[in-house]
Each structure stands twice: as structure tokens, then as C-alpha cells.
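Q: Dock chain to chain to rebuild the complex, using the hints, since each chain is given by itself in its own frame.
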Amino acid sequence: MNISEKVPSRLEIIPEFISSLAEKIKPLGISSEQFFNIRLSLEEALVNAIKYGNKMDPQLFVDVVVESQGDKLIIIVKDKGQGFDFDNVLDPTKVENLEKTSGRGIFLIKNLMDEVEFSDGGSQIKMVKVFNKDE
Amino acid sequence: MNVKEERANGVLVCILEGEVNINTSPELRKAFDEIIRNKESKVLVDFSSVSYIDSSGLATLIEMLQRLKRAGGRLCFSNMSQKVKNVFEITKLDKLFEIFESRQEALQSL
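Chains as they are written, first to last, in the working numbering: chain S, 2 to 136; chain L, 18 to 127.
Treat each hint with caution, since some may be false.
[Said to hold, decoys possible] From the structure, some residues in chain L lie toward chain S, with a derived Cβ separation under 7 Å:
id : residue
1  : I39
2  : N40
3  : S58
4  : D71
5  : S72
6  : A76
7  : R84
8  : I107
9  : K109
10 : L113
11 : E115
12 : I116
[Claimed, not checked] Straight line, CA to CA, 20 Å or less: simulated EDC-like cross-link-like pairs of lysine to aspartate or glutamate:
id : chain 1 : residue 1 : chain 2 : residue 2
13 : L       : K86       : S       : E13
14 : S       : K101      : L       : E80
15 : L       : K86       : S       : E97
16 : L       : K47       : S       : E13
17 : L       : K112      : S       : D92
18 : L       : K112      : S       : E97
19 : S       : K95       : L       : D111
20 : L       : K100      : S       : E34
21 : L       : K102      : S       : E100
22 : S       : K95       : L       : E106
23 : S       : K95       : L       : E36
24 : L       : K109      : S       : D121
25 : S       : K101      : L       : E115
26 : L       : K102      : S       : E34
27 : L       : K112      : S       : E100
28 : S       : K101      : L       : E118
29 : S       : K52       : S       : D121
30 : S       : K101      : L       : E34
31 : L       : K100      : S       : D115
32 : S       : K111      : L       : D111
33 : L       : K109      : S       : D92
Calculated directly from the structure, the hints in this document are not laboratory data.
None of these values were measured; they are calculated from a predicted model.
Ideal placement from N, C-alpha and C gives every residue a C-beta, glycine not left out.
Chain L with its partners taken away, still in its complex shape (with noise of 0.2 Å):
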């Protein structure tokens, strides 16, 4: 999985890529504690090219969803497929992640 940043209307947009899965999500865990050591307080994850999730990966974002809380942050995401959207919506996460359709409607919100 890769890990691509870059920044929109004072938003970090991080673009991952591939996979997020029990193998995975640790690489994911170092990149958002390099966005919390940088002391980021807008971020929105897009999951445009993000073409599986398990429940590692679920759990490696509700980390960082409460660290980015505590520190006062915000947290939405994009651009998900119809797949990777149903986990979200099985789980019921969509009720506790900001998830819009696409990156300018997120940015538009944060």
C-alpha cells in the first residue's frame, strides 16, 4: 500500500493506494503518526484507488479519527468505492466517519 499526500485549501488530502489490510495497516499507522507529529488538524483520506478493507484497517482509522479529535482535528474521507463503502455501512461506521462522495465536496466541508 503507498501513501500519498498532498495539500488542498490548507487540507492534507492523503491518496492511499492498494490494499488496507492486517499486513497493511501498520504502514498506514506510520503515516498518520507522522501527520499527528506534524500536528496536521485537517486531513481527509481519499480512497479513490483503496480497492479492499478489512476490520485491521477499520480499526487502524478509528485510531486515527480519536487521536486527530483529541488534538482538536478533523478527519473525513472520499471517494469510495461501492466495496469498500458496504464494509463502512455494515459496520455502521458511516455514522461515525465524515465520508462524502467526492474530494471537493470533503474539502468543501472541512
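So here's chain S without its partners, still in its complex pose (with noise of 0.2 Å):
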């Protein structure tokens, strides 16, 4: 399986673009905890790219690739700003850090997805899930 998709810089569609995509993904049968957690992590790397990427320009894109390899599903979303310095994300599990109202949708992207990795200076994410399937 390989999806390929421009997503306009709106928020507001997110939800519906991932119901879309839910449903192409379906035949792989991935387990709803499993997809409660993909889903979250595209979400969260959407809103990124949007908000801080594209600065919400409703005339730039996002790029999402979904590709599955066996029992991987690996999502790249792609915007088109300057990046960012993602080797210095504050842990927002940290006490003094834990009433701040930003700064949580890197960290749980890390934590919910199996492999993260940023490319052309933090413009590029690619999500990888091992994923099972639904008994």
C-alpha cells in the first residue's frame, strides 16, 4: 500500500483527512489501540506542520506519504518552513514543565510511534509503527 497526499494548511480538515485515510488503511487490520495511537501521532504531526511549518498559508500543502512494508506502517508528513531545532524539545514531563499548555505533540509522537526520525532540518517526519492486527 502506498498513499500519496497534498493536505491543505487547515486545521479544520484534519479530522475528516484522517477518517479518510482510516479507511484506506483498514485491510491491514491494525489493532484499534494501535491505530488510536497512529492516529494521534499523524494528528499531532499535521497540527505541527500547519501551524509551525506552513504557518497556516492556505496556499502551501503538507505532504503525507503512507506506505506499509509487511508489518510496518511508515507515515511521512513534510511541510514547507524553515524546520526546526528538534534536538532541543523541552520534556514536558518534567515538573516545571507539566502546567505549560504547549510543547506536548513531539514528545508523544516519540512516545507512541516505534521509530522517529526528522530530516531537512526538521521540515521532514517519518513515523514508523510496528503494528499488529485485530484478533
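A: In C-alpha cells:
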């Protein structure tokens, strides 16, 4: 399976985009718990790409590629921004950061996916999930 | 997302229904604005019908906790599904919020 989509930089279309993607990857039989984690990671990556990468510019698109290779689901999200310092993202679980209202997206992705890799200065994120099938 | 309200033992119980995400968080913030305006001091959020939460939903709940604390109030959560609870656990927000298994346990604590 190989899906390639251009997503407009509009936050309100994220749930609809993810629902349509969910239908397309349904045949893979990913367990509901893992799908929850994949969905959350993809949503966080898309929000970052639209808000911070493309700066909500409706003229710009976010490129999303979803591929399955055996028991691996690979998702690549690329925006048109300058990237960010992905090695220096704050740890939201530190006591002094717990009440902060931002900075959890990347942390969630890193904890919910099996592999996460940034490239192009941070404007591209590749996320890999090794999935189990629903019984 | 819907927010239903009930009252039990002097506690305002907010029953959230649906997803708490980047698009529905503004609705939740509006409901919380109203709660703060009404000077509610004990608020329990029932998550039994919440199927999904993202980081914007978490941020909205943190804001509510801060506002209620400043007003001398308390905010508790109950009835989370394991998937939703997992998001709180990973982010260690289960240490920040008071989370109970059932509504009854939360009401006893409040």
C-alpha cells in the first residue's frame, strides 16, 4: 500500500483527512489501540506542519505519504517551512513543564511510534509503527 | 463534541461526549468559561464518552485546572478509557490532575 496526499494548511480538515485515511488503511487490520496511537501521532505531526511549518498559509500544502511494508506502517509528513531545532525540544514531563499548555506534540509522537526521524532541518518527519492485527 | 452538565452533592459534573481535539477544544474552552463565570468551585469531568484526546485537548484541560485553582476550586476527572488514560500517563499529566476510576470515587473525594 502506498498513499500520497497533499493536505491543505487548514486545521479544520485534519479529522476528515484522518477518517478518509483510516478507511484506506483498514485492510491492514491494525488493532484499535495501535490505530489510536497512529492517529494521534499523525494528527500532532499535521498540526505542527500546518501551524509552525506552513504558518497556516492556505496556499501551502503538507505532503503526506503512508506506506505499509510487511508489519510496518511508515508515515512521512513534510511541510514547506524552515524546520526547527528538533534536538532541543523541551521535556513536557519535567515537573517545571507539567503545567505548560504547549510542547507535547513531538513528545507524544516519540512515545507512541516505534521510530521517529526528522530530516530537511526538521521540516520532514518520518514515523514508523510496527503493528499487530486485531484478533 | 457535546458537554452535558449535571449536579451531584454540590459538584458540577461535566459529561463530555465525543472527541477532544484541535477542532473541538474551542467548544470545551467556551463551556469552561461559563463554569468559571458561574463561580463553580468543585468540577468533575466525566470522560466515559470521550473516545479521543490530543495535545490541544490536554492544553485546554490544563488551562481549566489553572483557572479553577486560582479561584480556589478543584477539578477532578473520572471514567477514562484506557486509550485516553494512556495519553495522560505518557505525558505524566496523571500526576497533575486528580483522576479517579469512577464518578462515585471522584465525588467522595470532592
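Q: Which numbered hints are broken by the structure, listed smallest first?
A: Structure breaks hints 3, 7, 11, 12, 13, 23, 24, 28, 30.
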